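Asks: Following the hints, position chain X against chain A.
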Amino acid sequence: MTPDPQLYTFSAWRGRRKIRWPEGKSCAVWVAPNLEYYELDPPANPHRKSWAKPHPDVVGYAHRDHANRVGHWRMADVMTRHGFPGSVSLSVALCDHIPEVVEDARQRGWEFFSHGIYNTRYSYGMDEAQERAIIEDSIATVERATGQRIRGWLAPALTHTPRTLDLIAEYGLDYTCDLYHDDQPTDVKVKSGRLTAIPYSLEVNDHYGFFIYNMSPRDYADTLIRQFERLASEGEREDGPGGTVMCIPLHSYLIGQPHRIGPFEEVLRHIAADGRAWIATAGEIVDAWREQQG
Amino acid sequence: MSLDPSYLEYPHRRLGMDHKLYPYSNLFQRPPVQWPGEKSVAIWPVICLEWFPMVPSDTPFRAPGHMQTAYPDYRHYTAREYGTRIGLFRLLDAFEAVGARISVACNGAIADRYPAIIEALVKGGHEIVAHSTDMNGTIASGLAEADERALIAASLDALEKASGTRPRGWLSIARSQSFATPHLLAEAGLDYMCDWVNDELPYAMTTEAGGIVNMPLNHELSDRQIINVQQQSVDSYATQMRDAYGWLAHEAEAHSGRMLPMHLTPYIMGLPYRIDAFEALVRWLAEQPGAWFATGSEILDSWSAST
Chain A
1 MTPDPQLYTF SAWRGRRKIR WPEGKSCAVW VAPNLEYYEL DPPANPHRKS WAKPHPDVVG
61 YAHRDHANRV GHWRMADVMT RHGFPGSVSL SVALCDHIPE VVEDARQRGW EFFSHGIYNT
121 RYSYGMDEAQ ERAIIEDSIA TVERATGQRI RGWLAPALTH TPRTLDLIAE YGLDYTCDLY
181 HDDQPTDVKV KSGRLTAIPY SLEVNDHYGF FIYNMSPRDY ADTLIRQFER LASEGEREDG
241 PGGTVMCIPL HSYLIGQPHR IGPFEEVLRH IAADGRAWIA TAGEIVDAWR EQQG
Chain X
295 MSLDPSYLEY PHRRLGMDHK LYPYSNLFQR PPVQWPGEKS VAIWPVICLE WFPMVPSDTP
355 FRAPGHMQTA YPDYRHYTAR EYGTRIGLFR LLDAFEAVGA RISVACNGAI ADRYPAIIEA
415 LVKGGHEIVA HSTDMNGTIA SGLAEADERA LIAASLDALE KASGTRPRGW LSIARSQSFA
475 TPHLLAEAGL DYMCDWVNDE LPYAMTTEAG GIVNMPLNHE LSDRQIINVQ QQSVDSYATQ
535 MRDAYGWLAH EAEAHSGRML PMHLTPYIMG LPYRIDAFEA LVRWLAEQPG AWFATGSEIL
595 DSWSAST
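Protein chains in written order, with the working numbering: chain A, 1 to 294; chain X, 295 to 601.
Honestly, I wouldn't trust all of these hints.
To be verified - Across the chosen pairs, the derived CB separations fall in these ranges:
1. Pro326(X) - Arg290(A): 45 to 55 Å
2. Pro347(X) - Asp4(A): 50 to 60 Å
3. Lys455(X) - Asp222(A): 45 to 55 Å
4. Glu303(X) - Asp4(A): 35 to 45 Å
5. Ala140(A) - Gly540(X): 41 to 51 Å
6. Arg324(X) - Arg108(A): 44 to 54 Å
7. Arg108(A) - Pro326(X): 20 to 30 Å
8. Pro366(X) - Ala272(A): 53 to 63 Å
9. Gln107(A) - His544(X): 22 to 32 Å
Unchecked claim - Some but not every residue of chain X turned toward chain A, in silico, with C-beta under 8 Å:
10. Tyr304
11. Ser319
12. Phe322
13. Gly436
14. Val491
15. Leu515
16. Trp541
17. Leu565
Unchecked claim - Within a straight-line C-alpha distance of at most 27 Å, the following computed DSSO-like cross-link-like pairs (lysine-lysine) qualify:
18. Lys53(A) - Lys314(X)
19. Lys49(A) - Lys314(X)
20. Lys455(X) - Lys417(X)
Calculated directly from the structure, the hints in this document are not laboratory data.
If you're wondering where the values come from, they're calculated on a predicted model, not measured in any experiment.
Think of the CB as a built atom: it goes at the ideal place given N, C-alpha and C, for glycine as much as any other residue.
Bound-form chain A, shown alone (with noise of 0.2 Å):
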């Protein structure tokens, strides 16, 4: 263990060489859809419990449910209706049980990034040998299910171990979203390749809006448009850092709730109608990102 990671190098917020997205625009928006799988009666990792409760903890396991039989259907078509690809971070045991939602991602145009084999297994503890085996399996997985070569890696239910941004970046990803110290990609020291870290966020993660901060909807939708107003025009600041990230972290089965949807669509027809969002996938943000870097 070790006090300081030496994730990156440090980057204060002034005097940074800007960043240009495409067509002027001041903010990059991408939204990253959690399409996950949450098994009834996982085994026990020794670092972290899987459910509050004794198996079966019927509420937390339905609820997530909820976002494959219902909740996916209702976001996915909001997103579709405004504009809104899905970068998704995906439990790659999805598309075993329930390819039918893998499909609708990869019919949407979306792009895969790994969220682990499923939400209830976590890296906590794990040998070099067994991460490498989750990175694999999930390359090999999404491979098969959707063509798609995954870029990126979001630790499942953001378990780490200090080796996974070496390991991520040794097998090819470009992107992590694990790192939340910045509003714009910043490269990550890695041992070989290399690994870009794309804002993703937490803070508003609907997760965080709707079970930290136990915001009504509205609150939630209100607060997803400050973020985008404030990074839409610090990214268009003459002395500023340039083009801005903002990330808007789904679950559909708390998202996609009837009370829940209708204000969240009022922030994608805002966020569309602004003129200043590059509305785009991870990839294609990190591609962007690192042109400018040479």
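Replies: For chain X alone, kept in the frame of chain A given last:
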């Protein structure tokens, strides 16, 4: 450091669910459901009527809303009783004023202790759903199957004795089940349970003791979740219910009948400073042309007839 090799084995990784209770189903690809009178949204109020023994049990777990202080916890005991004496009747008045019949999920102890309540519910045409014995009657893994079977029977017997009708529906405390619960409920002859929140319409489950329908009672749209857990105001609650209704009514035009559950707690919603806003919400819902207030049994029967 490494994990046991079994941690990277996935014995249930296959097409479909990781259990045998129900198959996967997409809400938007099912045959349309028709409610009576071509209504678009079935509104299903469920009031929980609960008695908390002042000596709480933590086996298998302590129920939400239970006693919190050292004995005697008069404050929580009596505040819950306020809901039973007064809050319930404020809620019933709100629904009866618009001619709505609703479901009331009762502990068996309510029937034993307060037969006048059961009489009022029967007289109002409301449905009694079984809701365990009392608030020490929680279910989770660790409760012996024989004890769970006895708990279910005791609840049904008490409610049948007081009301003259055996309940058709079951709601577990905190929607918490053991692995045995679905088959024990089917074995007890119940037609439906309300514990699984994974859907927005009734759907069939299969158990070794036969079939049972799950009627999803959205916990996120409950007064407990919005007002007690998330600490939002009753006005915000009412806005969220109106927004939910609006979305579902809109979806019903394109797809199929929809269902809006309202899970209510008398000691939360039945307070003087909240009930006016709640009454206004009920009136607003009753004015919507597509709204059909119904009991769980009515919704179940209508769903069964149209699928």
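Asks: With reference to the structure, classify each hint as holding or not holding.
Replies: Here is how each hint holds up against the structure:
no.	hint	in the structure
1	Pro326(X) - Arg290(A): 45 to 55 Å	holds (49 Å)
2	Pro347(X) - Asp4(A): 50 to 60 Å	holds (54 Å)
3	Lys455(X) - Asp222(A): 45 to 55 Å	holds (52 Å)
4	Glu303(X) - Asp4(A): 35 to 45 Å	holds (36 Å)
5	Ala140(A) - Gly540(X): 41 to 51 Å	holds (44 Å)
6	Arg324(X) - Arg108(A): 44 to 54 Å	violated (21 Å)
7	Arg108(A) - Pro326(X): 20 to 30 Å	holds (24 Å)
8	Pro366(X) - Ala272(A): 53 to 63 Å	holds (59 Å)
9	Gln107(A) - His544(X): 22 to 32 Å	holds (24 Å)
10	Tyr304	holds (7 Å)
11	Ser319	holds (6 Å)
12	Phe322	holds (5 Å)
13	Gly436	holds (6 Å)
14	Val491	holds (5 Å)
15	Leu515	holds (6 Å)
16	Trp541	holds (5 Å)
17	Leu565	violated (19 Å)
18	Lys53(A) - Lys314(X)	holds (21 Å)
19	Lys49(A) - Lys314(X)	holds (24 Å)
20	Lys455(X) - Lys417(X)	holds (16 Å)
Violated hints for the displayed structure, listed by number in ascending order: 6 and 17.
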